[in-house]
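Okay, here's what each chain looks like letter by letter:
2 protein chains.
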Amino acid sequence: MSKLLVIGTVAFDAIETPFGKTDKILGGAGTYIGLSASNFKNVDTGLVSIVGNDFPQEYFDLLHSKNINTEGIEVVKDGKTFFWGGKYHDNMNKRDTLITELNVLEHFNPVVPEKYKDAEIVMLGNLHPLVQNAALEQMNKKPKMVVLDTMNFWMDIALDDLKTLLKKVDVITINDEEAQQLSGEYSLVKAAAIIHEMGPEYVIIKKGEHGALLFHKDKMFFAPALPLADVFDPTGAGDTFAGGFTGYLAQEGELSFDNIKNAVIWGSNLASFTVEKFGVERIAGVTYAEVDERLSKFKELTKFSL
Amino acid sequence: MSKLLVIGTVAFDAIETPFGKTDKILGGAGTYIGLSASNFKNVDTGLVSIVGNDFPQEYFDLLHSKNINTEGIEVVKDGKTFFWGGKYHDNMNKRDTLITELNVLEHFNPVVPEKYKDAEIVMLGNLHPLVQNAALEQMNKKPKMVVLDTMNFWMDIALDDLKTLLKKVDVITINDEEAQQLSGEYSLVKAAAIIHEMGPEYVIIKKGEHGALLFHKDKMFFAPALPLADVFDPTGAGDTFAGGFTGYLAQEGELSFDNIKNAVIWGSNLASFTVEKFGVERIAGVTYAEVDERLSKFKELTKFSL
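Chains as they are written, first to last, in our numbering: chain L, 55 to 360; chain Z, 55 to 360.
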């Protein structure tokens, strides 16, 4: 049994896409990461987060049913859960944030449960770099791998904190625009080289429907996204990717470049399910047979015989 | 020896990118297609086009040095060669056309030399669909494969002609926005299905730096673009792709799905050279050792062991 520690938001989302809209439903980076990682065997996932007393028991029940340990989720008695609302444009590539109520997230001091302080893999979901660092500092053993997700917002308001944290990070996952902002380079090849210098030995650049690039020293690997007839709701795709990536590596144990490539494929595989329905519905219900069948499609997609 | 008939413009281009600008240099879809296809063995390439008397002998000499037959290039004694000038924006993904002088192209009646009327493969470069059709009608034997490139401009002004021609076409290569326009569908999976219904058994959707998708019945194949540190000038990348695609298939002869996948990889491989320098400079000078080495990089890029 390998331990995966996940730091990330557990939240309410309200989502509008050309296909419909939802009331407040379960969301948050930590939620997607945990649910995605739960598809792997022999992985003990602990989730560190914060919610208010409005967070329903049924959502805890869902996380427990997937064997996600929620000891590290603080419940603030007189607080309200973080709430995000957004609307996607016609082509799903851009979204507007309509509402952000930080609520309990405003005073989030992550507390890593004793049991997870020696986790082999630490997944730092998108949060203020100081919050991510506060969690990492509590480890009593150097993790085999620290993976960080972040976003342009933190580059705007907390770049120095982010850069300090990056020195302790093995893998960074960001999207193409964020990689360009962080590095100041348009070319993703050059951007990755600069971000390597900031700390992470592995740089994963997510390009949404255009797939993901993995950079490691002078090596490159490209994982396509599976072309889909319908993308229903892109929310959580990047976090699902991170959960699949870390979950696979926790299961396998060996952190070779070959396994890290496989982990990128697994992240892409699981993310392709999340976008098929609103919120966590699809990733929370996906079966082993489904992910296995889709893995075959990923293999076929880029295989050639030259 | 297999025959490849190419219909396409031979032109002067003036190009401006963030890295510099050129005076009138050799350009045109037919030029790029021919130069790209010249990298394959046992392929007899005939180019059908039109130029003015301002077209220099040295450019003919270049084409001849690559064993491209130019019998089908009409030289209009009192005419001027087609001239295009354009400027690329910072990120190279968008360009503005600054000048278009059709000149001799305005009255282009393609004449296929007798020798190429039984060509196995016909590559119809981007031109008015009626011009493409006029060339195709001159074949005295049904080609094994007809490949068509087109653009949004013809969808705007000659959609019916394009749709009539598509019924005779085996492979269409267009970019993602054009596929969306032609089909009326945003999803490329749905777009390809609709374009299949219009005639082509194979639909290739080019996504520039994001690679190319090949659709055939219910099968999909994805060829990545090689991530490059520097893209100097994207002009002609799509035509180079088409030349590599058809040149490889003419060389191999067998038009199986596996070979067509390989042809997409070869098209991507050669296109990755064209963008490294202005105009045709790089593709006209590339060596076998270089393309062979880059093919290895393409193989490595998507190989994984799951």
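Don't take each hint at face value.
Because identical chains share one entry, a pair is satisfied inside a single copy or across any pair of copies.
[Unchecked claim] Capping the alpha-carbon separation at 25 Å, the derived lysine to aspartate or glutamate pairs in DMTMM-like fashion look like this:
id : residue 1 : residue 2
1  : 198       : 344
2  : 57        : 98
3  : 198       : 308
4  : 271       : 347
Bear in mind the hints are in silico, worked out from the structure with no lab data behind them.
Every value quoted in this text rests on a predicted model; they were computed, and no experiment measured them.
Would you list, in rising numerical order, the hints stated earlier that this structure does not obey? 1
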